[in-house]
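A.B. asks: The opening position of the sequence shown corresponds to residue 1 in this note's numbering, with each subsequent residue numbered one higher.
By construction, these hints were calculated from the structure, which means they are not laboratory data. Here the structure is a predicted model, which means the values were calculated and not measured. Take the hints with a grain of salt, since some may be wrong.
Unchecked claim - In the BS3-like style, the derived pairs of lysine-lysine whose C-alpha atoms are separated by at most 30 Å in a straight line are: (1) K67 - K123; (2) K101 - K38; (3) K3 - K101; (4) K38 - K123.
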Amino acid sequence: MLKTEKHFRDFIIARTLLLCTALSAPFYVVLAQEHVGKEAYLLGLFIIAKGLASILSSPIWGRYADKSSKNIMAVAVLIASVLGIFIFFTISYFDALQSAKWLYPVVLFILGIAHQGVRLGRKTYVIDMATGNERTSYVSVSNTIIGIILLLVGGLSALVSLLSVEGVILLLSVFGLAGAYKSYKLPNVEQT
């Protein structure tokens, strides 16, 4: 399927690059722990921020996903990537903001909004891309490949020993920028 169907292969490549939205969240939490401590209430704020992001953004993303799911993926991952680049420079060059306790829940809220857009966009895209029984094949092959990639990328946490946490976030953001481009270049699949 990957060898013979270029469209599906391009979607898998884009989806792989879009993983940055999911993979970066734990690094933001570690970054917060490094700069503001490990106080229990922060975890609660992070959970509330992610929950609110999901509740508030899903209807908005859903409205636009039916018009262009590829653009939703591109815009959502672009938001996450710009956020990561912003955080890298903020942590690297603005000492006063490093310890701002409000910063990290806000960042996770924005990341949560972006991640919801990526999830909804990719689900809508793969369903609209296929017809009939192809849908089951596309979804199962896509999920299997992404599962294997996630296992391989599990070593990403080893990068923290080589790079700073904010460096890993920056690297994931660069992958996200590539994912935004790749998503934008996918053909439209929505039925008019």
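A.B. asks: Are the hints correct? Go through all of them and say.
C.D. replies: Hints, one by one, checked against the model:
Pair hint K67 plus K123 holds up; C-alpha atoms about 14 Å apart against a cutoff of 30 Å. Distance restraint check for K101 and K38: the Cα-Cα separation of roughly 11 Å lies within the 30 Å cut-off, and the hinted pair is therefore satisfied. With a C-alpha separation of about 48 Å, the suggested pair K3 and K101 falls outside the 30 Å cut-off, and the hint is violated. Distance restraint check for K38 and K123: the Cα-Cα separation of roughly 35 Å exceeds the 30 Å cut-off, and the hinted pair is therefore not satisfied.
When the structure is compared with the earlier hints, violations turn up for hints 3 and 4 and for no others.
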